[in-house]
Amino acid sequence: MDELRNINITIDGIEISVPQGSTVLQACEAAGAEIPRFCYHEKLSVAGNCRMCLVEMERSPKPIASCAMPASDGMIIKTSSEMVEKARKGVMEFLLINHPLDCPICDQGGECDLQDQALYFGKGETRFENSKRAVSDKNMGPLIKTTMTRCIHCTRCVRFANEVAGVEDLGATGRGENVEISTYLEKAVSSELSGNLVDLCPVGALTSKPYQFVARPWELTKTESVDVMDAIGSNIRIDSRDGKVLRILPKNNESINEEWISDKSRYAIDGLSKQRLDTPFIKINKKLQRVSWDEAFEFIISKISNISNENCVGVVGNQVENESIFAFRELFKKLNLNKILPFQKKLTFSRENRSNYLFNSKIEGLDKCDYLLLIGANPRVDSAILNARIRKNYIHRDLKISSISSQQFDLKFNYEYLGSDVKILTSILEEKHKISNDFKNANFPMIIIGDEVLQNDCSLDVQKISTSILKKFGGFNKNWNGFNILHNYASTVGAIDILSEYSDYNYTAFKNDINKNLIKFVYLLNADDFDFDISSCFVIYQGHHGDKGAQLADVILPGAAYTEKEGSYTNLEGRVQYSQRATFPPGDAKEDWTILRALSEKLGKKLDFDNLLQLRDIMFSSKTMLKFDENIYSSEPKIITKSDFKSSKLNYENKNFFMTCPISRCSSTMAECSQVNG
Amino acid sequence: MKKEQLKAENYKLCNIDQVKVDEILDKYPSNRKASAVIPLLHYVQKKSNGWLPVPEIERVAEILDMPYMKVYEVASFYTMFNLKPVGKKLLQICHTTPCWLRGSDQIEKSIYDTLKIKDGETTPDKMFTLMKVECLGACVNAPILQINDDYYEDLDYKSTKELLNKIKIKKNIKPGSVIGRKSSEPYDKNGNINVTK
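Protein chains in written order, with numbering that gives the first Met the number 0: chain B, 0 to 677; chain G, 0 to 196.
You may find that some hints are simply not true.
With beta-carbon atoms standing in for the labels, derived distance ranges [what the hints assert, rightly or not]:
#1 B/G175 x G/K83: 14 to 20 Å
#2 G/K45 x B/N413: 32 to 38 Å
#3 B/T9 x G/F76: 38 to 44 Å
#4 G/G49 x B/K654: 43 to 49 Å
#5 B/T640 x G/Y27: 52 to 58 Å
#6 G/R31 x B/E92: 36 to 42 Å
#7 G/R31 x B/N252: 54 to 60 Å
#8 G/C134 x B/N252: 53 to 59 Å
Derived from the structure by calculation, the hints contain no laboratory data.
In this text, a Cβ means the ideal position worked out from N, Cα and C, and glycines have one as well.
Here chain B stands alone, though its shape is the one from the complex (with noise of 0.2 Å):
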């Protein structure tokens, strides 16, 4: 990239500078000068339609917009003149002229830029004696609730809609005092991150609908967060009162979320309270009973005697903190066994090195390469932040992408499909294929592996060859690392991490043990998602929620959700991040690596930590894998393997995005949320 001249700017006063293409109002912003704006927002094109940001500029007889007016040497700026106030003044008369007056009953009342702003800058009377307009409101589906008539046609959400995520079906309609933001025909929002076009509304216009008329913001109890939806592993801030949690609110995370976070993890929520254990259960004559947590324990010593290395099997879930894996496998340590799962689908990837299975070119990589080769891959429902990631590149930088998958998905972006063989690979390593020239014409090439490939039986060869192919056309080097895997899942990538050097069991293994009828106790650490038969097994289940794994279970252990306790993180990046406790867990429910401290002092095996800290310790102590820096790239992979392509076309697997885990199959608000854009 060029160097960017930096350019000389006066505001107030003081002389800063500031690189070459910014705009007078991050120049105003970089000198502490505070400017109030509707319209102008970072990670949105200028529009530069609600002129509150205006600002005196030396030598101009007006004020000018500072949002979209370019800085450049010598400018001489004032923020806070006379004439600045005047005309912010002027400004926000105008815009309270069709403004109802009804922020007692506005849910944005609290947290609304309008309303702090006619704090400053409101006349506190009215000279408009003619009626306001009155807008008709809009249906924008379960998520957004609308009050048209209090929009100020900042543009804002059309220009998100349009921009980052995709949908192009929000706009402007109608001309002067009749402008009306619509989506087309009514219909909803049918994206992933519709939920942020209620962050991003600066007044109360669009309101969110799960959370209408709940709590004003000074009520809630603010804590910032980890979200567990999906493998990104999103920052977030939950908002609770009372012990509920009653909203999440993305955190800004530039190498991760950015601004924005996904419907899922924002609206689940409400399944947070709902089919929740509260107590330990224990199956008698086939019907669960509640017990107290020493019954539980009993019950469990009184069913393990005959437990040995070969009929055990632990399964880890996908929404898993890491301190609750390494208590699970220092419990299985202790006991003498081995067998763990570390997911529950047939995922297949190479444990031995971690770039093998992490997301190397990291998320923010993805704003750098310049061409991305997805093979099995649908980001859009797999990490729909990532998807907008890849979509951004596409915007800004014309980022060239093709994608090898079962069927051509509708990514928001336009791309090359080549197919659904995977055998194309070895054409393009061969150079035979056209999309090699791409790969060398790359400087940052980067290949995404999903889920369609990891489950099939290819998934080694594929992993191999993107190597060989990247290794050829310069994805591996210093400042680089091409290689990435798509997790779909919170867990994943730490359960890789803690279990591999302990155990290597996997779905296969699992499989044919399943099928000689090995088998005779699984240990389901909230694991709801598993497709194998284990109704003949005796099945402790450990987790938040009445799902699949509960119902399958002998004994039942009531643990904690991911707004419940604290834990760490990895995400797909391999990057720790730790979530804070926002609730306490219903009832008797307990956090979970306290259950297993606790089952494993009954069972006369102590584990050797007491408290979360010292659990902590141990972990990290015995785990050099866990460290994480952003600004080195992880060495090339290494996957050993045959690379013959036994099978070698992807399969379709239909996935619905409103609905991966307990809490978002519990939650009645992703319920609509499927149906309506299912």
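Go by the hints and put chain G onto chain B.
Frame of chain B, contents of chain G only:
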């Protein structure tokens, strides 16, 4: 915009001439196809009885590779695109200052008396629709009434009535000044043309 209002059931797309469409598209660079949206909408509106039903808007969007919403935004922005059905004869009466000073109110009254329609209304036989519009750019011959593509100038209450009655009985009418002026030649207060020496 409500789906029910706009989406005519079993709507049959109007016939458009591909040669004409290509002619319009040829005026713009092939990678800037969307520039043709306004001329194309005008052409399609002309072909589909003077208004743009939703399926026609979608067709234009498909020809130009544009999102439906983008074309709809354009169609709803410009007042010369009609999103509701209009009569066979679209009467557009100018009521901007010069025409208003020269008696556009009288023309409006004359139309109401003859056809019983007000601004935005259509006669029950779907023959006439009245629209009050802003300046038609022919102030020298004010007041103006535009009927479909033609201007009728120098009107008053009586001449408007005669004009409409002629249309009603399908008699040919001549566009231009109803008092026989050539373009904007001067005339005196008694209506005598050719007063200059």
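For each hint, the structure was consulted:
1. The given range of 14 to 20 Å is respected by B/G175 and G/K83, whose C-beta atoms sit roughly 19 Å from each other.
2. Checking the proposed 32 to 38 Å range against G/K45 and B/N413 shows it holds: the Cβ atoms sit about 33 Å from each other.
3. Between B/T9 and G/F76 the beta carbon distance is about 40 Å. The supplied range of 38 to 44 Å therefore holds.
4. Between G/G49 and B/K654 the beta carbons are some 48 Å apart, a value that agrees with the proposed interval 43 to 49 Å.
5. Our hint of 52 to 58 Å for B/T640 and G/Y27 holds, since their Cβ atoms are close to 53 Å apart.
6. In this structure the hint that G/R31 and B/E92 lie 36 to 42 Å apart at CB holds, the actual value being about 40 Å.
7. Evaluation of the 54 to 60 Å hint for G/R31 and B/N252 yields a failure: the beta carbon distance comes to about 38 Å.
8. Hint check: G/C134 to B/N252, Cβ distance near 55 Å, so the stated range 53 to 59 Å holds.
In this structure, the one hint that does not hold is number 7.
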